[in-house]
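Chemist: Spelled out, the chains give:
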Amino acid sequence: MTKTNVVGQSVIGPDALEKVRGGKGFPVNVNLPGMLHAKLLRSPYAHARVLNIDTSEAEKLSGVKAVLVPGDVPQIKFCPVYFVPTMAPSMIQDMLVMSETVRYAGQPVAAVAATSPEIAEQALQLIDVDYEELEAVFDTDSAMQNGAPRLHEEAENNIAKNPVFEFGDLEAGFADADHIFEGTYKTQRAHTCYMEPRVCVVDSDVDGRLTVHSSMQHMFGLREKLAFVLDLPESMVNVIKPPYIGGGFGGKLDLGYIEPVAALLSLKTEKPVRIEQTRYEDFITTTRNPIEVYLKTGIKSDGTFTARYARSTLDCGAHATHGAEVIMVHGMFGILLPYRCVNQTWEGRTVYTNNMIGGGYRGYGSPQGAFAIESQIDEICEELGLDPIEFRLKNAHKEGDPHPFNPEFTLSTYRFEDCLRQAAARIDWGQRTPAGSATGTIKRGIGFGCQALWVSGCMGFPDIYEHSGAIIKLNPDGTANLSNATVDMGSGQNVTLCQIAAEELGLQADQVRMTYADTETVPFDAPSHASRVTYSAGTAVKAAAANVKKRLLEVAGVMLETTVDDLKVQDGHVCHQGSDRKLSIAEVVKRAESPFVQMTAEGPQPTTIGEKGTIIGVASMAPPSNPSPSSVEFVEIEVDTETGVVKVLKVVFAHDIGKVINPSAAQGQVEGGFQQGMGYALMENILFDDETGACLTADFLDYKMPTAVEMPPVIDSIFIESDEPTGPFGAKSLSEPCCTVPAPAIANAIYNAVGVRVRELPITPEKILAGLGKL
Amino acid sequence: MKKSVSFEVNGQHQELAVAPSETLLQVLRDQLRLVGAKRGCDSGGCGCCTVHVDGKAVYSCMTFARSLQNCKVTTIEGLTKKDELDPLQTAFVEQGAVQCGYCTCGMIMSAKEFLSKHEQPDEDQIRHAIAGNLCRCTGYHKIVRAIKIAGQTTDLAGE
Chain A
1 MTKTNVVGQS VIGPDALEKV RGGKGFPVNV NLPGMLHAKL LRSPYAHARV
51 LNIDTSEAEK LSGVKAVLVP GDVPQIKFCP VYFVPTMAPS MIQDMLVMSE
101 TVRYAGQPVA AVAATSPEIA EQALQLIDVD YEELEAVFDT DSAMQNGAPR
151 LHEEAENNIA KNPVFEFGDL EAGFADADHI FEGTYKTQRA HTCYMEPRVC
201 VVDSDVDGRL TVHSSMQHMF GLREKLAFVL DLPESMVNVI KPPYIGGGFG
251 GKLDLGYIEP VAALLSLKTE KPVRIEQTRY EDFITTTRNP IEVYLKTGIK
301 SDGTFTARYA RSTLDCGAHA THGAEVIMVH GMFGILLPYR CVNQTWEGRT
351 VYTNNMIGGG YRGYGSPQGA FAIESQIDEI CEELGLDPIE FRLKNAHKEG
401 DPHPFNPEFT LSTYRFEDCL RQAAARIDWG QRTPAGSATG TIKRGIGFGC
451 QALWVSGCMG FPDIYEHSGA IIKLNPDGTA NLSNATVDMG SGQNVTLCQI
501 AAEELGLQAD QVRMTYADTE TVPFDAPSHA SRVTYSAGTA VKAAAANVKK
551 RLLEVAGVML ETTVDDLKVQ DGHVCHQGSD RKLSIAEVVK RAESPFVQMT
601 AEGPQPTTIG EKGTIIGVAS MAPPSNPSPS SVEFVEIEVD TETGVVKVLK
651 VVFAHDIGKV INPSAAQGQV EGGFQQGMGY ALMENILFDD ETGACLTADF
701 LDYKMPTAVE MPPVIDSIFI ESDEPTGPFG AKSLSEPCCT VPAPAIANAI
751 YNAVGVRVRE LPITPEKILA GLGKL
Chain B
776 MKKSVSFEVN GQHQELAVAP SETLLQVLRD QLRLVGAKRG CDSGGCGCCT
826 VHVDGKAVYS CMTFARSLQN CKVTTIEGLT KKDELDPLQT AFVEQGAVQC
876 GYCTCGMIMS AKEFLSKHEQ PDEDQIRHAI AGNLCRCTGY HKIVRAIKIA
926 GQTTDLAGE
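Chains A and B, in that order, give the protein sequences.
For what it's worth, the working numbering labels the leading residue of the first sequence as 1, then goes sequentially.
For what it's worth, the working numbering labels the leading residue of the second sequence as 776, then goes sequentially.
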């Protein structure tokens with residue numbers, strides 16, 4: 001492991017100090033002179049055609065400045081997902097910014113800009129819409145039937161996408177099996193519950209150039225998509241980087257309705273226009289896609305997989321959007337690749353319904369897969385009397401293997417076994433009692449789940465953007481500014497990327513500051529998603545810092561009359577190796593930025609042309625690989641057999657994430673990931689009215705997520721450090737697997753406690769009592 | 776129809792024209808430009824908007840501004856005295872209890888009222904005290920620890 005000074009420390013950044021005093025940098029606080037406020041009128045029907053819209057009364061209301069209806073909006077079909085090109089052939093271009101065809105309850109059909117949000121809201125009530133209500137379909141089975149209402153002309157039986165992956169010989173594999181297991185595993189809709197609503201302010205210049213502020217996860221994606229739907233060149237849209245946003249978790253990974261609507265209203269009124277979604281609007285804007293997985297597994301008596309067949313049916317709602325890619329990641333990283341099996345076939349179906357549109361959410365298809373895979377492995381081990389740890393290791397990949405996703409890459413670092421064994425020891429796995437053997441009304445159980453294979457970004461995915469950039473500039477006081485285009489949504493990258501730059505430049509962490517950026521001034525970056533920022537953006541930051549260092553040494557070389565090869569940076573200085581001569585970085589920068597006669601404490605000092613110029617480094621590059629982290633989680637829970645309530649008592653996580661850049665930030669990811677995973681496992685579910693499709697859980701009083709009270713008192717995070725050769729200072733990735741594994745771990749622990757296997761999330765008290773035969 | 780209401784915010788007298796439906800959160804954010812209290816749900820479900828009215832933690836999104844005649848309101852901006860952070864603010868920073876930070880100000884204001892009434896609370900008490908404040912990033916662990924540490928250094932007289 002490379003010796004480091006700043007990397008590996010729990011550095012606290014300036015953001016935290018700002019946030020405890022009010023946090024003025026959130027996009028929700030952007031307030032421009034003359035700003036108007038807009039609201040969207042949303043359809044009460046899940047499937048309807050707009051026959052007529054009368055806005056005349058709304059327009060008469062004092063304070064209303066502009067009204068927008070579908071006829072005012074360019075009818076350009078697009079895919080809103082930020083991380084792919086808008087017209088990517090793997091995706092489905094089926095969205096319009098405002099359409100006369102309504103496909104889910106809550107779809108916008110008009111918008112109003114006014115001098116206050118209250119007036120805009122009042123004006124919405126004055127808009128008269130004639131709808132022709134159409135037959136709606138709310139579940140995937142019905143939607144695929146012949147004769148079901150067809151939501152999109154191009155999609156026969158409402159199947160938007162139908163990918164199939166085949167490896168080996170499935171039939172031979174099943175013929176070779178000693179045992180065959182089958183099961184169907186279902187997951188629900190869950191909301192990311194970012195705390196800051198989706199919000200934007202769009203301003204327009206006299207020549208039609210747009211300036212955009214938004215709470216989103218991808219500046220360049222927003223620029224590309226917004227320009228596309230408005231039929232503008234990308235250079236006419238400038239997206240300002242927010243200093244930080246109030247959470248995202250994948251929920252702000254696509255162009256919403258609000259940015260294009262605000263842009264059109266701004267162009268119409270020549271004023272800045274702000275739209276802030278209500279919590280109800282947020283709840284119907286994005287969700288983890290529900291997936292039903294049928295899983296059939298062939299197995300040798302010794303626990304080796306011989307064949308696996310899976311069929312996954314994803315409800316993408318009214319438009320495909322993320323559902324076209326979630327199904328692929330789910331198939332690959334959720335089902336097929338985490339363990340070795342030669343003979344496998346997987347079929348995916350992304351199905352249109354009149355439900356809300358799906359979205360990105362931490363894990364992106366893997367939580368739905370891991371729930372099926374990790375639950376069934378425990379069922380197999382229980383039935384055959386096999387050890388679930390040894391079973392997984394028997395079928396696991398090994399360090400040094402070719403990467404199963406892309407054999408051009410190698411699993412250079414892969415410590416899955418260490419994760420399993422160390423976490424098992426920490427929770428005292430050996431003391432586990434047989435399933436259902438606990439006595440008393442409150443029964444304890446232990447279980448675990450794994451995410452054996454995951455990504456550090458999207459290198460190797462054919463259609464997904466994966467490159468990063470950074471600009472680093474030294475200041476005459478010896479500090480540095482870093483600017484790049486990855487948005488910090490709370491995962492702490494504003495600090496960790498500064499640590500990487502500081503380490504390379506021999507500075508202290510607080511001497512590098514993350515600074516302003518917009519899409520006109522910094523290199524492209526893919527989104528803050530796919531656990532990619534530390535690895536991928538970190539690689540570019542390190543390269544930019546290396547370019548800064550090269551120029552720094554050149555100038556210092558002239559000043560010290562020596563060659564660059566004899567110089568190195570250390571503790572804020574450029575040091576001559578072989579003598580005690582050294583210059584502070586500040587001295588070197590001052591020289592580079594000085595006029596030709598530099599005024600110094602020792603008097604006027606002549607300088608040379610070769611020393612002149614701002615010391616600045618730029619990088620824009622793709623990362624060299626896509627190393628896999630591993631995640632293992634054990635939980636101890638108790639089940640009250642009278643009420644069915646599950647309480648998580650203790651959690652032990654082990655992760656191989658390469659070198660840990662910032663241990664406190666890494667722990668924070670794991671602890672927060674558990675909270676979201678536990679909510680998914682036990683309580684969270686976006687529900688809709690069966691008849692109308694209206695959302696029934698549109699605020700935090702009805703949508704239950706864990707509070708501090710439900711959280712276990714102990715979350716123990718073990719980091720198995722490896723030195724990933726392709727990562728910045730050995731780093732890989734972390735933030736998604738810790739959110740994927742809690743659901744199967746908890747499901748397996750519940751089985752261990754009470755002998756009830758629940759194959760449908762969330763595992764509510766009702767399902768447990770039903771399993772116990774009490775309901 | 777707007778009506779004048781006079782009250783104190785962070786020690787400063789304010790006299791503002793307020794509509795009947797206007798909430799304290801709207802007054803703070805839109806009229807006084809104090810943006811520490813955040814709108815997370817506007818329905819009393821998340822706690823991001825928590826401030827103090829006469830020393831008691833309230834959801835400012837559920838408090839009508841008209842009800843504040845002669846009240847004393849304290850927001851996160853009023854917690855820092857002469858650039859010196861409140862022990863809770865320091866503990867949140869030092870313990871890594873701030874991630875996205877959107878819930879942070881409300882969380883600190885809830886904890887502040889709680890610590891003013893409970894000496895050296897245990898973790899279970901703290902968890903119940905902040906059950907009305909949602910956080911989606913941290914899993915609450917570092918938040919609970921920060922409040923516990925601040926509770927060990929705060930004397931009950933402090934507000």
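By construction, these hints were calculated from the structure, which means they are not laboratory data.
Heads up, a few of these hints could be off.
The calculated lysine-lysine pairs, modelled on DSSO-like cross-linking and capped at a C-alpha distance of 30 Å, are [claimed, not checked]:
#1 A:K3 - A:K550
#2 B:K856 - A:K612
#3 B:K831 - B:K923
#4 B:K923 - A:K647
#5 B:K856 - A:K647
#6 A:K60 - B:K857
#7 B:K856 - A:K186
#8 A:K774 - B:K831
#9 A:K704 - A:K647
#10 B:K857 - A:K704
#11 A:K704 - B:K892
#12 A:K24 - B:K847
Chemist: Provide an ascending list of the numbers of those earlier hints which the structure does not satisfy.
Modeler: 2, 5, 6, 7, 8 and 10
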